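Participant: Please model the entire structure based on the sequences and the hints provided.
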Amino acid sequence: MSIKVPESDWFKPPAGSERLWVGVALVWCMIMFLAMPYWHFKGKQNATGESYAVTPAEFMERVTRFVETNKVGEENGIPIVEPSPGGDAYLVGQMWRWYPILKLKEGQTYRLHISSVDLQHGFSVLPININFQALPGYDHVITLTPTSKGVYQIICNEFCGIGHHLMTGRIIVE
Amino acid sequence: MGNFLEGRYRTCNTTGLPVCLDAQFFIRAHAVAAVVFFLIGAIAALLIALTRWQAVHLLSAMWFYRVLTLHGLNMLIFWIISFEIAILYFAGTSLLNTRLFSRKVAWVAYILMVVGALMVDYIVLIGKGDVLMTSYVPLKAHPLFYLGIILFAVGTLTAVFNFFATIYIAQRDKTYEGSMPLVAFGALAAAIIAVLTLLHGATVMIPSFLWSLGLIENIDAGWYRLVWWGLGHPSQQINVAAMVAVWYFLATLTTGAKPLNETVCRVAFVFYILFINLASAHHLLVDPGLNASWKIWNTSYAMYLAVLASMIHGFTVPASIEVAQRLKGFTRGIFNWLTSAPWSDPGFSSMFMSIVIFGFIGGITGVTIGTEQINIIAHNTLRVPGHFHATVVGGTTLAFMGLTYYVVPLIFQRDFYFKGLARIQPYIFASGVVLLSIGMSFAGSYGVPRRHWDVNFTGAPLSAGFDAAAHFMLGLLGIGGILAFTGALIFILLVVAAVFFGKSLAGQPFSGWQPAEKFKLSMEIFARKKDEKFEEIAHKVPGTVVLVFVLLVSFMVYYFANWKALADVWYVR
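Just so you know, the protein sequences line up as chains H and L, in that order.
In terms of the working numbering, the first sequence opens at residue 344 and continues consecutively.
In terms of the working numbering, the second sequence opens at residue 614 and continues consecutively.
No lab work stands behind these hints: they were computed from the structure.
Just so you know, not all the hints are guaranteed correct.
Said to hold, decoys possible - No farther apart than 27 angstroms at their CA atoms in a straight line, the calculated lysine-lysine pairs in the DSS-like style are these:
(1) H:Lys355 with L:Lys1146
(2) L:Lys1131 with L:Lys1032
(3) L:Lys941 with L:Lys1032
(4) L:Lys1177 with H:Lys387
(5) H:Lys492 with L:Lys1177
(6) H:Lys347 with L:Lys1146
(7) H:Lys355 with L:Lys741
(8) L:Lys1153 with L:Lys941
(9) L:Lys1143 with H:Lys347
(10) L:Lys1143 with L:Lys1131
(11) H:Lys347 with L:Lys753
(12) H:Lys347 with L:Lys1142
(13) L:Lys787 with L:Lys717
(14) L:Lys753 with L:Lys741
(15) L:Lys941 with H:Lys347
(16) H:Lys347 with L:Lys1133
(17) L:Lys1153 with H:Lys355
(18) H:Lys387 with H:Lys347
(19) H:Lys448 with H:Lys385
(20) L:Lys1142 with L:Lys1131
(21) L:Lys1143 with H:Lys355
(22) H:Lys355 with L:Lys941
(23) L:Lys1177 with H:Lys385
(24) H:Lys448 with L:Lys1177
(25) H:Lys355 with L:Lys787
(26) L:Lys1133 with L:Lys1143
(27) H:Lys448 with H:Lys492
(28) H:Lys347 with L:Lys787
(29) L:Lys1133 with L:Lys1146
(30) L:Lys1153 with H:Lys347
(31) L:Lys1146 with L:Lys1131
The structure displayed is predicted, hence computed values, not measured ones.
Facilitator: This is the structure:
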């Protein structure tokens, strides 16, 4: 009993409605559990966590090379970079910007490498609302296929200091 | 036979339970500390809500993050854990009919906890710890920030040790016969989870402390997140276990309820102990470096067995109340037992609303956004605090408030002033928390980030922002915040007035919330053996069955709607 010792024969299986509920709840739990592996095979949105070790300096170097070879324009002095479909794209989070602006093609697949060169950052694409974590030391590869055209905002949703709210970026999908 | 020292115990005039006076002293001490931390956290909460409500936007960026750090630490750690230690001391002694193991150990624990908490608050307020509660590396705070948390954690471990040792001497001196009472069992579950949690805390905080001193060069950001969340999420599961124990306690005290089936309730607590510590994964679902099978196994607490446990308690507590009420003669229809429940007893209303808010809002949203893939559209958005304000505030804090309405008269032996206000306080607080949680959750569905000072991104080189619908939800958050703060402030004032200026209740029974004869009837129902009539009603409990199936249907609708929402976003793997 709740505040007194229970009767000595308390060890017994549930009965009646209680047994029904335990059974139903268990079935529901199993359905929810199986939904996740199912989506890995049938669904189009998964977080595989593919990543490689990288130092901030190395990653910055790759970003710079990526920008130099694929730059197609500029906005507010920020380079607009168009990776080749099926190819690699790089995006660096740093206090306080997502660099560079990416220009992607609808329906094409890209290997998007995100990382941070200082604090932890949160990669968040709006208004689509896709969110991934960017960590210093980790080259996080997100295999991304934009399925809608438009200009999308990237914001940071991991606290990264006083200028956190200034940290934005862009993905243009054509 | 109790093992109390001569003159160091009394018998409660209301419940008939024995009270160890040493335990009573430390229950009071921890409860007072808890309420002070709650006040600090509540003031911070109001300031944060009025800043997130973009139309008001009260604080500057610097003070917003500072106050947010203060809020998280005081509410999630200092207030709740301090209160839980009070619960452990009560459940360990009064329910097991034993004295507290050691006063000295209790003093050490108490001093460590208070000093640690004050150290952290001081460092945060002077601006040397603007790292939020999570203090994600490489964000760096002053060394005393980490040391304060370590001291608080060591203090908590010391208190938990005192609790375990108390159980040991109760066993040794055979102060009770048979199995321990369910509420003590739940408290024990909470204590075991606390140990696992605090060991994670030590594993991550000690290196962080050394790193802040410059003795360690580098801490891996991914490793830190993994281990920190072994502290961060499971520590909330201490709250869950303690809260459920409080549900059972208050159900008994306010209606005379007793569990239908002890085995089911106890196995559910064991599930918490076994699986709930896997919850670190909830925060790492879109992190690099962790693969899908690890995420699926851990985020689901090993096939959702800890969720099953909560769904069980969500049935057994209302069902036990239903049986007790039906035995009292409230047998008409499906819900007469519920409508005739003592809704003007703040202990009861807090407890029942805590169950509803925890289940319907906190539970459903938590399991859904903690689904591996659905987390892609939820991670670090306001949906996350939308979830945990329903569990930790609407659930745990509200339940603890309900308990406090009995702790003050029974342990402090003081009477409340303004009882009418006390009777409506849970409703004010609960409705505020519900609005707040709903505002957060739906704002988060638009992608509004958590822990963010300005979602208009004023001054950002590339513009960003949200539409009117998202801002409406942020307004709801603000209004809910004001309402919840009002409820919290009323609670604090009532408790302070009663504890320091209240009429003494020493030597007399308390019947402030329900007429004495009603309370007597409840205790009579509780003391009655489980006879055939009890079993017959317990097999059916139609009202509870309706309630839990409404929960299940709501759960399914919300869960599958989120899969649909996920299916609409860009392809990503």
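Participant: Evaluate each hint against the coordinates.
Facilitator: Hints, one by one, checked against the model:
{"no.": "1", "hint": "H:Lys355 with L:Lys1146", "verdict": "18 angstroms, holds"}
{"no.": "2", "hint": "L:Lys1131 with L:Lys1032", "verdict": "18 angstroms, holds"}
{"no.": "3", "hint": "L:Lys941 with L:Lys1032", "verdict": "26 angstroms, holds"}
{"no.": "4", "hint": "L:Lys1177 with H:Lys387", "verdict": "12 angstroms, holds"}
{"no.": "5", "hint": "H:Lys492 with L:Lys1177", "verdict": "20 angstroms, holds"}
{"no.": "6", "hint": "H:Lys347 with L:Lys1146", "verdict": "21 angstroms, holds"}
{"no.": "7", "hint": "H:Lys355 with L:Lys741", "verdict": "56 angstroms, violated"}
{"no.": "8", "hint": "L:Lys1153 with L:Lys941", "verdict": "16 angstroms, holds"}
{"no.": "9", "hint": "L:Lys1143 with H:Lys347", "verdict": "14 angstroms, holds"}
{"no.": "10", "hint": "L:Lys1143 with L:Lys1131", "verdict": "20 angstroms, holds"}
{"no.": "11", "hint": "H:Lys347 with L:Lys753", "verdict": "49 angstroms, violated"}
{"no.": "12", "hint": "H:Lys347 with L:Lys1142", "verdict": "12 angstroms, holds"}
{"no.": "13", "hint": "L:Lys787 with L:Lys717", "verdict": "23 angstroms, holds"}
{"no.": "14", "hint": "L:Lys753 with L:Lys741", "verdict": "9 angstroms, holds"}
{"no.": "15", "hint": "L:Lys941 with H:Lys347", "verdict": "20 angstroms, holds"}
{"no.": "16", "hint": "H:Lys347 with L:Lys1133", "verdict": "16 angstroms, holds"}
{"no.": "17", "hint": "L:Lys1153 with H:Lys355", "verdict": "17 angstroms, holds"}
{"no.": "18", "hint": "H:Lys387 with H:Lys347", "verdict": "54 angstroms, violated"}
{"no.": "19", "hint": "H:Lys448 with H:Lys385", "verdict": "24 angstroms, holds"}
{"no.": "20", "hint": "L:Lys1142 with L:Lys1131", "verdict": "19 angstroms, holds"}
{"no.": "21", "hint": "L:Lys1143 with H:Lys355", "verdict": "14 angstroms, holds"}
{"no.": "22", "hint": "H:Lys355 with L:Lys941", "verdict": "26 angstroms, holds"}
{"no.": "23", "hint": "L:Lys1177 with H:Lys385", "verdict": "13 angstroms, holds"}
{"no.": "24", "hint": "H:Lys448 with L:Lys1177", "verdict": "24 angstroms, holds"}
{"no.": "25", "hint": "H:Lys355 with L:Lys787", "verdict": "25 angstroms, holds"}
{"no.": "26", "hint": "L:Lys1133 with L:Lys1143", "verdict": "18 angstroms, holds"}
{"no.": "27", "hint": "H:Lys448 with H:Lys492", "verdict": "8 angstroms, holds"}
{"no.": "28", "hint": "H:Lys347 with L:Lys787", "verdict": "15 angstroms, holds"}
{"no.": "29", "hint": "L:Lys1133 with L:Lys1146", "verdict": "20 angstroms, holds"}
{"no.": "30", "hint": "L:Lys1153 with H:Lys347", "verdict": "25 angstroms, holds"}
{"no.": "31", "hint": "L:Lys1146 with L:Lys1131", "verdict": "21 angstroms, holds"}
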